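Student: Take the sequences, apply the hints, and build the full model.
Residue numbers (my numbering), protein chains in the order written: chain X, 118 to 351; chain W, 1305 to 1712.
Just so you know, the hints here were simulated from the structure itself, not pulled from any lab data.
Computed from a predicted model, the values in this text were never measured in an experiment.
Accuracy of the hints is not assured; some may be wrong.
Unchecked claim - Okay, the calculated bits of chain X under chain W, using three or more residues with CB under 8 angstroms as the criterion:
hint	stretch
1	171–181
2	191–201
3	211–220
Claimed, not checked - Some residues of chain X that are not near chain W, with every Cβ distance over 10 angstroms (derived):
hint	residue
4	Lys135
5	Asn139
6	Lys145
7	Thr168
8	Arg205
9	Asn244
10	Glu255
11	Tyr257
12	Ser266
13	Gly267
14	Gly315
15	Val334
16	Asn347
For each residue, glycine too, the CB sits at the ideal point set by N, CA and C.
Spelled out, the chains give:
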Amino acid sequence: MENGKNIIVTEKLKKDYKTDGNIVHAVKNIDFTVKSGEFTAIVGPSGSGKTTFLNLISGLDTPTAGKVWLNDKQITEMNGKELSDFRRDHIGFIFQAYNLIPVLTVKENIEYIMLLQGITKEDRYNNVMNILKDIGMEGYEKRFPPKLSGGQQQRVAIARAMVSKPELILADEPTANLDQKTGAELLDMMRELNKKTGMTFLFSTHDPMVMERADRVVTLVDGQIAKDENKSRE
Amino acid sequence: MWFYIKLAWRNLFRNKRRTIIAGLAIGVGLASMMFTDSIMIGMKDSMIGSATDSFLGEAQIHRNGFRLTQEAGLTINNLEDVVASLKAEDVVENFTTRTMSFGMITSPANFSAVMLVGIDPESERFLSQIDEAIQEGSYFEEENERDIVIGSELAELLEIELGDRIVITVAQAETGDLSQEMFRISGIYHFNIKEMDVGFAFARLPKTQEMLGIGSSVHEIAIKFKDMTFALEKDSPFWERYSAFDNEALSWTEIFPALNLIFGMLGITMVILGAILFGIVAFGIINTLFMSLYERLFEFGVIRAVGTRPGGVRKIVLFEAGSLSLVSIFIGTVIGLALIFLFKKIGIDYRGIEFAGTTITEMLYPVLNIRQFVIYPLATFLFTVLVGFYPAIVASKMSISDALRKSM
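Tutor: The following block contains the structure:
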């Protein structure tokens, strides 16, 4: 992965919603760029458009206007199938409520994306075991998510997002359901993985702990970038 | 593929109670189909049995035109050859010869029109159930040529009892002259079939032949086959062979076409019943799958977000529908088998009930048939998967961001 290259570019990105007959302008003509390897936090009050912005960047939602390039590919022109394949191969997702599939074991949850990618059973197994080691959860591969703590489930969710080595990890409020200690541990772990692998992390968060660890903090207010603060990587 | 099957199977048992209730609903529908079908086959067999075993036989030979006119002169041609040939037939188990003539039966108290049937008591035993239906007296046990056996309702109408005398008047074949003979009531039968109990009288064949002036001729040969389904083999040369010399050989399906029509109607009834049951099943499946879908909306959102194609989501829902149908088929088959075996043991008593011109004289027992355990379960499976396409398409087309937002 080439550090410093633009991995996310948005151009006049706009999203309007119709709610009870009223039009809500959730995202207003945002021009935004993220460089490869960045650890960026998008912050802002509730309703500021953070999640909508993340959904537009990942192709989970379609913009009212504007364009999104991910890794030099314009995702706003892709059809549903192409978008699915693009997300599968280039983006890892971490959600607030962990959202592991409860009927699948830890190993099965982590290998799900690799299964979609058609990776061999042996490679899947090796990758799962390696990442479980990285997140400190060796020996948990046969457990089912409901038997794990919130922190453990979020670790597995991180492993699921990272196992296929995507260029971009999108994390929507990943620490919101965790206690402070567990949240801090996980953020440190993600920071380590960011440094180790060079994967780009983009967070949507309220959490000051995320802001402390981020290279860059982008503040959204009323669907617009109010502040874009670059910090030192040291 | 295996992954989706595993996922579907485990998802199905996430909410065991709902799966069991849905499986029971679909299973009971399937069991109803299986049980109703077995009862229909049983009823069909019972009706055929009631129609053919009581008197009709599985096939009959007459002179052409006799069935329509009942003319006493229309006796079977080449009787000796026909009888000799029937004796040599491998497919024929038994046969008997009869005369049939309308006449008047008179007692000191009353009179009535009657069908006088001349029979050979020995061979008649194998073709009809008159001997088994005797209520009073006996079935031609004494060698008295003037013995006559009549139905219970006719006896009541004529106000006569066992041993009483009656007079029968018939028209002779050639001349049309009236011929009268006195008989003694030696037996009274009760068939529970009104037509038989009030309208028939049975006497020895030589006596009726003498009354009708037809020598040793007969009007009817009733036949019982070794395998009753032979009566349905209309392409067999048997029918052509015995339809020679201006005679006609007919199976019960032609003699009693109403019964065949009724079976056709029963078939249509089964189709309608099946459509209703499958309709109910369809709503059950759709409801269950949608409940499961909306309960796991966020999960489907995540599955789609991480790169599962819409087709993959359709597969997950369809495999769940398939798994649900397998559970339902298991439940339905167990319930269906239990019902069929229970009623096979105790039977259903429809005896005496007249249906489509046939009075059911035998207990009704459900009949097991391969289609109940192959066709119906297979149809349930295919139908469930087919119906599953609706929620599967809805799931694959949902907005990912909406799915992720709604359940948060």
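Student: It remains to establish, for every hint, whether it holds in the given structure.
Tutor: Results for each hint:
Look at the stretch 171–181 of chain X against chain W: 4 of its residues bring a Cβ nearer than 8 angstroms to a Cβ of that chain, three or more, so the hint holds. Counting residues of the stretch 191–201 of chain X whose CB lies closer than 8 angstroms to any CB of chain W gives 3, so the stated coverage by that chain holds, three being the minimum. Only residues whose C-beta sits within less than 8 angstroms of a C-beta in chain W count toward coverage, and the stretch 211–220 of chain X has 7 of them, enough to reach three; the restraint holds. No beta-carbon of chain W is positioned within 10 angstroms of the beta-carbon of X/Lys135; the least distance is around 13 angstroms.
For X/Asn139, the requirement that its beta carbon stay farther than 10 angstroms from each beta carbon of chain W is met, with the minimum near 17 angstroms. Chain W leaves X/Lys145 outside its interface by the beta-carbon criterion, the shortest separation being 18 angstroms against a cut-off of 10 angstroms. A beta-carbon of chain W comes within 10 angstroms of the beta-carbon of X/Thr168; the shortest separation is about 8 angstroms. With a cut of 10 angstroms on Cβ distances, X/Arg205 falls inside the contact zone with chain W, its closest approach being about 2 angstroms.
Residue-level check passed: X/Asn244 sits 15 angstroms from the nearest beta carbon of chain W, beyond 10 angstroms. Against chain W, the non-interface label of X/Glu255 holds: every CB pair exceeds 10 angstroms, the least being about 23 angstroms. With a minimum CB-CB distance of about 18 angstroms to chain W, X/Tyr257 clears the 10 angstroms threshold, and the non-interface call stands. Distance check for X/Ser266 against chain W: the nearest CB is about 20 angstroms away, which clears 10 angstroms, and the non-interface claim stands.
Residue placement check: X/Gly267 keeps its beta carbon more than 10 angstroms from all beta carbons of chain W (closest about 16 angstroms). Every CB of chain W lies more than 10 angstroms from the CB of X/Gly315, the least distance being 21 angstroms, so the non-interface label holds. Against the 10 angstroms criterion, X/Val334 stays outside the reach of chain W, whose nearest CB is about 24 angstroms from its own CB. Distance check for X/Asn347 against chain W: the nearest CB is about 29 angstroms away, which clears 10 angstroms, and the non-interface claim stands.
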